[in-house]
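Engineer: Residue strings, one per chain:
2 protein chains.
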Amino acid sequence: MTVTLADVAARAQVSPATVSRVLNGNYPVASSTRERVLRAVDELDYVLNGPASSLAAATSDLVGILVNDIADPFFGIMAAAIQSEIGGPGGRAGGERLGVVCNTGGSPERELTYLTLLQRQRAAAVVLTGGAIEDTAHAGAVAAKLRKLHEAGTRVVLCGRPPAPEAPEAIALTFDNRGGGRQLTEHLIGLGHRRLGYIAGPEERTTTRHRLEGHRAALDAHGIEDDPRRTVHGRYDRRSGYEATLELLRRDPSLTAVVAANDTVALGACAALRDSGLRIPDDVSVAGFDDLPFSVDAVPALTTVRLPLTEAGARAGRIAMGREEPPPGGIAVVRGELMVRGSTGVPRT
Amino acid sequence: MTVTLADVAARAQVSPATVSRVLNGNYPVASSTRERVLRAVDELDYVLNGPASSLAAATSDLVGILVNDIADPFFGIMAAAIQSEIGGPGGRAGGERLGVVCNTGGSPERELTYLTLLQRQRAAAVVLTGGAIEDTAHAGAVAAKLRKLHEAGTRVVLCGRPPAPEAPEAIALTFDNRGGGRQLTEHLIGLGHRRLGYIAGPEERTTTRHRLEGHRAALDAHGIEDDPRRTVHGRYDRRSGYEATLELLRRDPSLTAVVAANDTVALGACAALRDSGLRIPDDVSVAGFDDLPFSVDAVPALTTVRLPLTEAGARAGRIAMGREEPPPGGIAVVRGELMVRGSTGVPRT
DNA sequence: AACGCGACAGCAAGCGCTTTCTAAACAAGA
DNA sequence: TCTTGTTTAGAAAGCGCTTGCTGTCGCGTT
Numbered sequence: 001m002t003v004t005l006a007d008v009a010a011r012a013q014v015s016p017a018t019v020s021r022v023l024n025g026n027y028p029v030a031s032s033t034r035e036r037v038l039r040a041v042d043e044l045d046y047v048l049n050g051p052a053s054s055l056a057a058a059t060s061d062l063v064g065i066l067v068n069d070i071a072d073p074f075f076g077i078m079a080a081a082i083q084s085e086i087g088g089p090g091g092r093a094g095g096e097r098l099g100v101v102c103n104t105g106g107s108p109e110r111e112l113t114y115l116t117l118l119q120r121q122r123a124a125a126v127v128l129t130g131g132a133i134e135d136t137a138h139a140g141a142v143a144a145k146l147r148k149l150h151e152a153g154t155r156v157v158l159c160g161r162p163p164a165p166e167a168p169e170a171i172a173l174t175f176d177n178r179g180g181g182r183q184l185t186e187h188l189i190g191l192g193h194r195r196l197g198y199i200a201g202p203e204e205r206t207t208t209r210h211r212l213e214g215h216r217a218a219l220d221a222h223g224i225e226d227d228p229r230r231t232v233h234g235r236y237d238r239r240s241g242y243e244a245t246l247e248l249l250r251r252d253p254s255l256t257a258v259v260a261a262n263d264t265v266a267l268g269a270c271a272a273l274r275d276s277g278l279r280i281p282d283d284v285s286v287a288g289f290d291d292l293p294f295s296v297d298a299v300p301a302l303t304t305v306r307l308p309l310t311e312a313g314a315r316a317g318r319i320a321m322g323r324e325e326p327p328p329g330g331i332a333v334v335r336g337e338l339m340v341r342g343s344t345g346v347p348r349t
Numbered sequence: 001m002t003v004t005l006a007d008v009a010a011r012a013q014v015s016p017a018t019v020s021r022v023l024n025g026n027y028p029v030a031s032s033t034r035e036r037v038l039r040a041v042d043e044l045d046y047v048l049n050g051p052a053s054s055l056a057a058a059t060s061d062l063v064g065i066l067v068n069d070i071a072d073p074f075f076g077i078m079a080a081a082i083q084s085e086i087g088g089p090g091g092r093a094g095g096e097r098l099g100v101v102c103n104t105g106g107s108p109e110r111e112l113t114y115l116t117l118l119q120r121q122r123a124a125a126v127v128l129t130g131g132a133i134e135d136t137a138h139a140g141a142v143a144a145k146l147r148k149l150h151e152a153g154t155r156v157v158l159c160g161r162p163p164a165p166e167a168p169e170a171i172a173l174t175f176d177n178r179g180g181g182r183q184l185t186e187h188l189i190g191l192g193h194r195r196l197g198y199i200a201g202p203e204e205r206t207t208t209r210h211r212l213e214g215h216r217a218a219l220d221a222h223g224i225e226d227d228p229r230r231t232v233h234g235r236y237d238r239r240s241g242y243e244a245t246l247e248l249l250r251r252d253p254s255l256t257a258v259v260a261a262n263d264t265v266a267l268g269a270c271a272a273l274r275d276s277g278l279r280i281p282d283d284v285s286v287a288g289f290d291d292l293p294f295s296v297d298a299v300p301a302l303t304t305v306r307l308p309l310t311e312a313g314a315r316a317g318r319i320a321m322g323r324e325e326p327p328p329g330g331i332a333v334v335r336g337e338l339m340v341r342g343s344t345g346v347p348r349t
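These protein sequence lines are chains A and B, in that order. All residue numbers for the first sequence refer to this note's numbering, where the first residue is 1 and numbers rise by one. All residue numbers for the second sequence refer to this note's numbering, where the first residue is 1 and numbers rise by one.
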């Protein structure tokens, strides 16, 4: 029925061991023999049995990529970059690896489930992307899993996620969300804004907290009181941005700027402002975060903080594959870059 | 070092066989025994060895999802929907499956490589999303792989991809790209447009061809000559839409409408028009395809054809898991819905 | 001429699990 | 009492591959 190594060996008149060595290519095999084996492989259309191979070798060629929301380009772009460094053709280094993207949907349980599944598959590496959930119990559980994975020989990399003190062996490429948030708000303050609304993401995420902290730091540095009523929490999606904006306007119709948790939310905010008859940026300025591809096409183009998602993802991928040295101390901070565009301007007086 | 089934068995004072049966839960085990085993599993923090299990059982819990471009929400949305039906309990007993997204980047070789990798892993199912590549050799190779996968017990589902006549065992959920394209262009013609530019996708994709055919059918049905100079091919991205639009304008500045291969391209087209000092839709109407989430937020909102990506993906996922009957004949056509919005209007006279 | 050694190839022992077949224990029908 | 059936547990044979160790052979050294 299915072709096995033994079949290939028989056909090539060699032992199974030799076939295995030809296929794995880390043991001297005479080129004439090798050729014979490869021909047999070809003729029989042989495909290695992955599970058997993984079992015997105690390693697999799976690399897991965990994302919060695969439908969100923020994660899609990182995932694509990571995968491009991991395998398929082109990633020659030491065999083909299967980079698999796992969608947690932002759910803690699913995150753990996937981690277990990956552990079960004896994954070669795992990359966790995006912000972490700030729940002590859950964070502890994740850290414990990461430690186990590491012990089992799985490389662990965090991309766009803060370091996990409880799992220090995980390499972390962290986005400077705090700094970016601060830059953004300072830009707005510099333009003359004093009444800024802030649409934050879900409460329990590190990304949310850090960006918000940056915003508040900027306010504080300029002696602007941070009225808690000017901050609204929501999900990281357009709808949430729309509703949050209406809420902010209800609370304070004199707002001159809205800072959104990310670009998607900012787009929703723009829609809400327009639907409320307000012009951007003449009446209200809007700023986003991430600089996703569509942001430059918004009308007006969105002022935002560009995060080098592709570069960071690629680097994370290389580190996961052991093809690049981890940063000293296992932690690197990746900075964003303020992109000033049409959606922010001098406030009306 | 690592905990094995035998360790658990020893601790629970039962045989490995019993532990296995408890874990797989498809064999009668006395509840007292079961409990003892589960406690041991818990105490030892045991995690099943996936490869070993797959080897012994000759099946794995991997489900592959192939996408052309994971950074594109079109695929991200489908992938999320598919995965949501795959993960978690629900399938077989013991049923956690690992839904893995593989990014081919639109490359034929990568597509085949991933298919081989999935075959190697003895995947439980494979879902291919998005348009196929129209290259006889490649199509044949893919079909052959699909047939092999099927023979090996892997369920194969196509989602948003035309049926593969050479691999009839693959269930196909096909988008009615031709019909959608036709509707869109007829809408424009109905508004009075006669000089329509068309920005098509890459030449060799079925999606590209079908949408274009629909467009031409509409022109033809209304006796409008199809000037080949009014069609430009490009990639499915924003940049391509931008450049193609400039090219179309150069060829015929009197265009009154631009139909884009998809929403992302349409966004680029809008940018190009605006940069050329043209108003939408007063000077030129623009239409997209897919109705991605950001399309409604474009200014003006994009007229487009909504494809039920989430529904189709979910259905494909269920079929892949064997939880839903395949459509009769193994083929189902999924229709799009014309969404008329602000980006199209009556042409200037 | 004897020896040593490098380069290859094969043997066989697992890797950790599933599953068939068998056995034990007990209840119930004859 | 003996047979038959039912339920639950164990023994053991692999699943297909990798790899440490053991040869074998030919050739350069001494």
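Treat the hints with care, as some may be off.
Copies of the same chain are indistinguishable here, so a pair counts whether it falls within one copy or spans any two.
[Said to hold, decoys possible] Here are the simulated lysine to any residue pairs, SDA-like style, with alpha carbons at most 20 Å apart: (1) Lys148 to Gly322; (2) Lys148 to Thr2; (3) Lys148 to Ser20; (4) Lys148 to Thr4; (5) Lys148 to Arg194; (6) Lys148 to Leu48; (7) Lys148 to Ser254; (8) Lys148 to Pro168; (9) Lys148 to Leu112; (10) Lys148 to Glu43; (11) Lys148 to Asp45; (12) Lys148 to Val3; (13) Lys148 to Val47.
In short, the hints are calculated from the structure, not lab data. Bear in mind that the values here come from a model prediction, so they are computed numbers and not experimental data.
Engineer: Taking the hints in turn, state whether each one holds.
Structural biologist: To see whether the hints hold, each was checked on the structure:
Taking identical chains as interchangeable, the C-alpha atoms of Lys148 and Gly322 lie at most 20 Å apart only when both belong to the same chain, with a minimum of 19 Å there against 33 Å between chains. Taking the closest pair of Cα atoms, Lys148 and Thr2 come within 20 Å of each other only across two copies (10 Å); inside a single copy the shortest separation is 35 Å, beyond that limit. In this assembly of identical chains, the alpha carbons of Lys148 and Ser20 never lie at most 20 Å apart, being 30 Å within a copy and 22 Å across copies at closest. For the homomeric pair Lys148 and Thr4, the shortest alpha-carbon distance between copies (15 Å) is at most 20 Å, but the shortest distance inside one copy (33 Å) is not.
In this homomeric assembly, Lys148 and Arg194 never come within 20 Å of each other (Cα to Cα): the closest approach is 49 Å inside a single copy and 65 Å across copies. For the identical chains of this complex, Lys148 and Leu48 are inter-copy neighbours only, at 14 Å across copies versus 28 Å inside a copy, given an alpha-carbon limit of 20 Å. When the C-alpha separation of Lys148 and Ser254 is checked against a cutoff of 20 Å, the pair qualifies neither within a copy, at 53 Å, nor between copies, at 65 Å. Proximity of Lys148 to Pro168 under the C-alpha cut-off of 20 Å is restricted to the intra-copy arrangement: shortest distance 12 Å within a copy versus 44 Å between copies.
In this homomeric assembly, Lys148 and Leu112 come within 20 Å of each other (Cα to Cα) only inside a single copy, at 12 Å, whereas the closest approach across copies is 34 Å. In the homo-oligomer, the alpha carbons of Lys148 and Glu43 lie at most 20 Å apart only across protomers (15 Å), although the nearest pairing inside one protomer, at 42 Å, exceeds that limit. With identical chains, the CA atoms of Lys148 and Asp45 are at most 20 Å apart between copies only, with a shortest distance of 10 Å across copies and 38 Å within one. In this assembly of identical chains, Lys148 and Val3 lie within 20 Å of each other by CA distance solely across copies; the values are 12 Å between and 36 Å within a copy.
Within a single copy, Lys148 and Val47 get their C-alpha atoms only as close as 31 Å, which misses the 20 Å cut-off; across copies the closest is 11 Å, which meets it.
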